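K.L.:
Below, each chain spelled out in residue letters.
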Amino acid sequence: MTLAPSLTGTVNPASARLENVCKFYGEFQALKDISLVIPPGKVTCLIGPSGSGKSTLLRCINFLEEYDRGGIWIDDRLIGYESVGGRRMGGRALREMRRDIGMVFQQFNLWPHMTALQNVAEGLERVKGIPRARAHEIAAEALAKVGLGDKTGNHPSRLSGGQQQRVAIARAVAMQPRIMLFDEPTSALDPELVGEVLGVMKQLAAEGMTMVVVTHEMGFAAHVADRVVFMERGELVAQGSPAEIFQNPGDRRLAAFLQGYLERNSLEL
Amino acid sequence: MMELDLFREYGPALLRGLGVTIFCWIVGTACAMALGFLLALVQRGVSARPVQWILRAYVEFIRGTPFLVQLFVLYYGAPMLGLRLDAMPAGLLGLTIYGSPYFAEIFRAGLNAVPLGQIEAARAMGFAPATILRRIMIPVMLVSALPALVNFSIILTKETVILSMITVPEIMFETQTMMAETFAFAESTLVLALFFWVFVETISRIGRRLERRATHYLLDRS
Ligand SMILES: Nc1ncnc2c1ncn2[C@@H]1O[C@H](COP(=O)(O)OP(=O)(O)O)[C@@H](O)[C@H]1O
Ligand SMILES: [Mg+2]
Chain P
1 MTLAPSLTGT VNPASARLEN VCKFYGEFQA LKDISLVIPP GKVTCLIGPS
51 GSGKSTLLRC INFLEEYDRG GIWIDDRLIG YESVGGRRMG GRALREMRRD
101 IGMVFQQFNL WPHMTALQNV AEGLERVKGI PRARAHEIAA EALAKVGLGD
151 KTGNHPSRLS GGQQQRVAIA RAVAMQPRIM LFDEPTSALD PELVGEVLGV
201 MKQLAAEGMT MVVVTHEMGF AAHVADRVVF MERGELVAQG SPAEIFQNPG
251 DRRLAAFLQG YLERNSLEL
Chain R
1001 MMELDLFREY GPALLRGLGV TIFCWIVGTA CAMALGFLLA LVQRGVSARP
1051 VQWILRAYVE FIRGTPFLVQ LFVLYYGAPM LGLRLDAMPA GLLGLTIYGS
1101 PYFAEIFRAG LNAVPLGQIE AARAMGFAPA TILRRIMIPV MLVSALPALV
1151 NFSIILTKET VILSMITVPE IMFETQTMMA ETFAFAESTL VLALFFWVFV
1201 ETISRIGRRL ERRATHYLLD RS
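Residue numbers (this note's numbering), protein chains in the order written: chain P, 1 to 269; chain R, 1001 to 1222.
FYI, nobody ran anything at the bench for these hints, they're computed from the structure.
Pairwise CB distance ranges, derived in the manner of DEER restraints:
(1) Ala188(P) - Ser1204(R): 35 to 45 Å
(2) Asn1151(R) - Gly90(P): 39 to 49 Å
(3) Arg1049(R) - Gly90(P): 17 to 27 Å
(4) Arg1044(R) - Lys128(P): 19 to 29 Å
(5) Phe1061(R) - Ala133(P): 45 to 55 Å
(6) Gly208(P) - Asn1151(R): 54 to 64 Å
(7) Glu19(P) - Asn1151(R): 52 to 62 Å
(8) Phe1072(R) - Gly90(P): 45 to 55 Å
(9) Glu27(P) - Leu1038(R): 30 to 40 Å
(10) Ser83(P) - Pro1147(R): 47 to 57 Å
(11) Arg1208(R) - Tyr261(P): 51 to 61 Å
(12) Trp1053(R) - Gly195(P): 50 to 60 Å
(13) Cys22(P) - Pro1050(R): 31 to 41 Å
Note that the structure is predicted; figures quoted are calculated from it, not measured.
All C-beta atoms, glycine included, are put in the ideal place defined by N, C-alpha and C.
Using the sequences and the hints, build the whole thing.
P.N.:
What follows is the structure in structure tokens.
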């Protein structure tokens, strides 16, 4: 697969900052006092066992999930609330902030009644107000850039998982977000299709997109991430460069998690 | 020859009756769907207790009473409350009210069946709620709801005959007139049955075609 040189054109990558973020589901605390800086133009990978709160954390960043305490800033703008501990932000202001935040889901979540092209063009037309003809041009370009120039007329049911996920990435990227969130983007894919999706993500990373990636692909985390964050039971347990996390896991729980991962994957071979 | 004379005399009235029946069905079904959709939206979007309570009472009352009784209330009862309706508006309003809770239930189930992830994808991109409803939820919902919508619309065709009881000049009413004046029971009921059969068959054909069109993109990869 060959990709055109640039996925994003020129964007001005955003940073994100989380301070003492807490999230409760009833009595259960899913996020415990999370503080974290997401540097602009860098790839931050979230790793940890299933149920540790990675998705919850990611979904708080674009306020798909409402956090209960603390604050999350995109650049210097608080998302979700008018002030820390204050009133909920208005719908219009929230939507405006979300335009800058792209998201890619484990289950792709393409709209089944639209072709690949329509999936990508829809947001351009309905959110950005770009006229249809121009939106379709941009969408076609975005699809060509993820290697799907010949699939623009296909509905999602006529695309493989890897192709669907690339459409989903094109859909997010075409909106020219300044930060992108990925929630296990390759976990629903057959093993042989993982590479094509990771390839597109690597290119985005190389172009300087700010990326936050929840992943079980330790290879991707080790080679592409600038920062790796390890979570367990709603806590941020360790963070550092890939070298610090993978070669030198000081924390006992992190070491046990990585050991378990190595064992599972060597057993599968 | 007897029959030919009969239909020469009553044919125009019967044809008018057919027209009125089709008109009542189209308008009544469309309005019932619209009201049902509105009810489903309120049920989904407004969590205030009193609103939900009123809604449930309405649905239960309408589903728990016969259509004929509802029509009598509208036509003979409502004037006492100062609402005087002619037969036709009363009939159309009756169909609308009678059908609305059933359509509401179909729409409610259909909207709930739209995968949350597809809605979240739109939310995450900054879509406004009304746009999500119009561009994503309704088209996706229609695919799963279409068979039930067609089915209940067909049931409503047969409920239209009850409008004859409040003197709406639809096909049943005209047939009864013809029967009373000529005692041609066999001929008139045959016409009536034949008409409904063709009417229902036409609607189900259109329904099947709509279903095929709505679901073509869900077919397995070829
Ligand atoms: N909507 C919800 N209601 C109640 N509990 C939830 C909900 N979503 C997630 N949880 C719980 O929060 C914890 C963290 O979930 P999640 O963020 O999905 O974990 P991860 O993505 O790391 O696997 C889990 O224990 C999960 O059961
Ligand atoms: Mg998860």
